[in-house]
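Line by line, the protein sequences are chains A and B.
To convert a position in the first sequence, counted from 1, into the numbering used here, add 139.
To convert a position in the second sequence, counted from 1, into the numbering used here, add 139.
No lab work stands behind these hints: they were computed from the structure.
Keep in mind that a hint or two might mislead.
[Claimed, not checked] Covered, in the sense of this in silico footprint (three residues per stretch, anywhere, with C-beta under 8 Å from a C-beta of chain B), are these stretches of chain A: (1) 194-201; (2) 225-233; (3) 361-374.
[Unchecked claim] Below, in silico cross-link-like pairs of lysine-lysine (DSBU-like), each with a Cα-Cα straight-line distance of 30 Å or less: (4) A:Lys521 x B:Lys521; (5) B:Lys529 x B:Lys480; (6) A:Lys480 x B:Lys398.
Beta carbons: idealized from backbone N, C-alpha and C, even for Gly.
2 protein chains.
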Amino acid sequence: EEVSKLLALKAQQGTEKDEKAGGKFVLKTAKGTRDFNPRQMVIRQQAFDKIIACFKRHGAETLDTPVFELKEVLTGKYGEDSKLIYDLADQGGELLSLRYDLTVPFARFLAMNKVGSIKRYQLGKVYRRDNPAMTKGRFREFFQCDFDIAGPTDPMIPDVECVRVVTEILDSLDLSEHVVKINHRKILDGLFEACGVPESQFRAICSSVDKLDKSPWEDVRREMTDEKGLDPEKADQIGQYVLRAGQDDLVEQLLADTKLCSSKSAVEGLEALKLFFRYAELYGVKKRVKFDMSLARGLDYYTGIIYEAVLTNQNPEEGVGSIAGGGRYDNLVALFDPKAKAVPCVGVSIGIERILAILENREANLKMRTVETQVYVAAAQKNLLEDRMKICAELWDIGIKTEMSYKANPKLLVQLQTCEEQGIPWAIIIGQSELEKGVVKLRHVVSRHEEEIERTKLADVLKEKLSAQVV
Amino acid sequence: EEVSKLLALKAQQGTEKDEKAGGKFVLKTAKGTRDFNPRQMVIRQQAFDKIIACFKRHGAETLDTPVFELKEVLTGKYGEDSKLIYDLADQGGELLSLRYDLTVPFARFLAMNKVGSIKRYQLGKVYRRDNPAMTKGRFREFFQCDFDIAGPTDPMIPDVECVRVVTEILDSLDLSEHVVKINHRKILDGLFEACGVPESQFRAICSSVDKLDKSPWEDVRREMTDEKGLDPEKADQIGQYVLRAGQDDLVEQLLADTKLCSSKSAVEGLEALKLFFRYAELYGVKKRVKFDMSLARGLDYYTGIIYEAVLTNQNPEEGVGSIAGGGRYDNLVALFDPKAKAVPCVGVSIGIERILAILENREANLKMRTVETQVYVAAAQKNLLEDRMKICAELWDIGIKTEMSYKANPKLLVQLQTCEEQGIPWAIIIGQSELEKGVVKLRHVVSRHEEEIERTKLADVLKEKLSAQVV
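Same shape as in the complex, but just chain A (with noise of 0.2 Å):
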C-alpha cells in the first residue's frame, strides 16, 4: 500500500513539473493528465460498476463515439468555453479537436442516425485546455458518466428522473450529504428581461451569473457593468433575485412577484419548477433540491431547466464542490440537422475525478487486491518447472486463476512469500517425491494448513474448494 501511495505521490510530481524544462526530456505526462495505478483502477472500477448498474435500473442502453470529432462539430456549442476546446495539427485531411464533453457528440449521433428517442448512458474521458488543479480533481483530460434521455416527453417527467439518478448515484458511492442545485433558463431569461437587459446580452450576463458559486456579488455586479457594459441600475436589479434561494416555496414566492412575472418565459420556467417539486416529491428526492436563482451554467446549449449536483460535506479534506451537472437541451440535435424532427433532450453528467479522489483517500489505507489469483503453483525443490507449467496449464484449463514464479528454479520461502503478500488464497506446493506418489500438498494460505491431495484430483478439490469460498 505504502508503495503505490509513493508511486501515486511521485507520479504527481512528475506531472506537475513545468512543462518547459528548456529542451532536455522530461519524464513525465502531459499537463493536466494522469495515468491510475492497478489500485486506483480497482476503485475507478467499483465506481463506475455502480454508476451503470444505476443507468441499468433506469433502463438506459449504451453507445461510444470517437475522442475526437470534426472541429465545426464542437463549434459554437460551448460559449466562452470554446477557447478550452484541443485541436489537432492539421495534417491533411479534416480538421478534428478533442470532445469537449459527451453530449455534443450525443447530439450528433443522434442527428447523425436519424434517432428520436433514446435513452442512453456513456462513459468516457473528455478534453478541457483548462488551468489544472491535480489536487482539487481538475485534469485536462477527466471521465465524465453521462445519463441523458431523448425523445418527446410529457413535461418533467425525464428530467426529475435525472436528478434521482444523480441521488441514487451518490448515495450508492457512499459519499457523504449532496444537494442538487436547480434553476431553470427561461426563469434566467425572464429573469433578464424583466429587469431590462437587452437580449443579445443574456448569455454573457448569464455567464456571469454562473461564477457566483466562486465570487461573491460585487465581484460578479463588477464584471457585469464593467466588463459587460451592462447598466449598474440593471445589475442591482439582478442582484435583488439571483441571490435567493429556496424550494417550491420560493417557486410560490416568485409567482407572485408582480415584477418578475412581467416576463411570460419567467412564468413557464416558474410553472415548470413548481410540476418538478410535485414529480421530485414522488420520487423521494425533493428534500435533496435546493431551487438556487444563481445557478446559470456556462454552456450555450440549455433551453430548460439546469441542474448541479454539490456535496454538502465541512470535511476540508474531501474538499466541496460541484460534482454532477446537466439540463435540458432541446435544440441542440436540430443543430445539426435543421430540417429533422425536433429532439428535445434533459441529461446528466457526473464528474468522477471528485469522487475517485474523495474515494481513493479514504481507502488510501485498506489492503486491496489488484489481481484476483486464486492458486499459486510453487515447487519444494528444483527441477520442477515442467511440472509447475503442467498444473498451470490444467488450471488455467478450467478457468482457475492461476499464477507461478517466472524463475525457472524460485525458493519456496520466496514463492510463499508471494502468496502471502498478494493475498493469494491457495498455494499448491510440489516435491519430487510427492510427485512421484502421485500426490501434491494444497496449502491455505492464511492458516498455513496443508494438506495432501491426489494429482488426478486436484482440479476437482480446487473446483469445489474456489466455489465454497467468497473469493
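For this one, chain A is given, so just place chain B on it according to the hints.
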C-alpha cells in the same frame, strides 16, 4: 434489429463520404472513426468481458494512461510507421501526440514510476493516421487489448504464456481456427548478418521482410534492391530463408545450417525457439504455433521473440488476417530512463476491431436486448402518472430495473407493445379500481398471464420472481 442494422450501415456511409465536401458542413464522424451503437456495444462488452477474464486468469492487474503523450515520448519508437502518428495542434505549452499503441506509454509508465516488475493488462483506444479500410476492420481509432509481463524472468517462460493467453482468448470468443506465427528478432538479425547485410540496414530490410504476408517475394525483393539498395545476391540469399515455415523441426534443420549458424545471434535465437516449443507443448499450445521466418513485425522496439495470430478460417465473409501481435522488447523501458536497471518485457496486443466485425456479422440476425429492464409500470387508464411514479421509485429503491412511459397518459396497448418489443419480462398494470382495492396486476409479458397482487406485497413478490428467473 433491422433498424439497428440500417443505422449502422447509414453511419458507415456517412463516415466514408469524402472528407472534403467543399466547405459545406457534412454530418459525419472523422475519417476512419466510427460510433458504436447500443447493439455493437453489447457485443463489444461481451468480448471485453471474456478477454479481461483471461487476463485476470493469468494474474494481471490493470492500469490506464492518458490518450495523449508528450510527442517526444513516441519519437523514435515506431520506425517507418512514425508518420502515422496524430499530433495535437500547438496551442501553447507542450507538444503532444495521440498514443499509437499501449506499449510505449506502458514502458513510459514503468520508467516514470520505477516499476521493476508487473503483469498488467490494458484496454484502450489507439490512433493511427493510416489509410482506413472500415470493412476490413482497419480504423484510425481502434481498440487494443494488451497483456504484458515486465520484469526479470528465466528465458521463455512468460513468452510462451503470452501465446497461451492469445489462444485462450481466441478460443473463448469462439472464433474459427487460428495459428500463432512466431519468429525471433535474433534469428532475423543473424540471418541478415549471415547474408552479409550491413548492420545499419537491418531494420530497413526487416521492414521489407515484414511485407511478405501481403506481397509476393518478387515485390519484396525489388523493394530491398531498388528502394533500399541491397545487393541482389544478398537479397536472394535472404529469400532462401524467409519463405520457410515449420515447427521445431525447422528449428532443428536451421541449427544444422552452417551458414546461418555462422552468426552467434542466429544460434541464440534458434536455441530460444527450441525452448519455446518445449514450453509450448507443456502449455498445450504447440499445435497452434508456426515458426514463420517471414514474420518480422514493423515496430523498432522488439528484441526477441515476435508473434502474430491469424485466423486460418477460409470463410471469405469473416476474412483472414492478423488479429493479435506482440513480442519481447527488453530495451524500451531503458530508453526512458537510461540510468535505471533494465526492465525486460514481453507482451501481446489483441486487435479487437476485426474480431468485433466477425462477431457482429455472425450475430446480425440474433435478437439481442440492449437494455436490461426487468419491470415496466403501466397504467390501464388516465390520470395515474403519480401512482406510476411512486411504484417506480419504490422498485428503484430495492434495485429493480424499472421503466415507465414518459407520457402523462399513455395508451395501455402502446405500453404493452413496448414491453413485448423490448423483451421486458414483467409489466405491472395499475387501474383506479384496483388501486382502491389495494391491488395491482402483474403480467408475465411473454405468456401474457396476469395475476392480482396486493399492492403492499408488490416489492416482495417481484424480488422473488426476479431472483428465481434467469434475467
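Hint check:
Residues of the stretch 194-201 of chain A lying with their CB closer than 8 Å to a CB of chain B number 7, which satisfies the three-residue condition for coverage. Counting residues of the stretch 225-233 of chain A whose CB falls under 8 Å from any CB of chain B gives 8; the rule of at least 3 is met. Counting residues of the stretch 361-374 of chain A whose beta carbon lies closer than 8 Å to any beta carbon of chain B gives 0, which falls below the threshold of three, so the coverage claim is violated. At roughly 80 Å between alpha-carbon atoms, Lys521 (chain A) and Lys521 (chain B) are farther apart than 30 Å, so this suggested pair is violated.
Taking the CA atoms of Lys529 (chain B) and Lys480 (chain B), the gap is near 63 Å; set against the 30 Å cutoff, the hint is violated. At roughly 74 Å between alpha-carbon atoms, Lys480 (chain A) and Lys398 (chain B) are farther apart than 30 Å, so this suggested pair is violated.
In this structure, the earlier hints numbered 3, 4, 5, 6 are contradicted, and the remaining ones agree with it.
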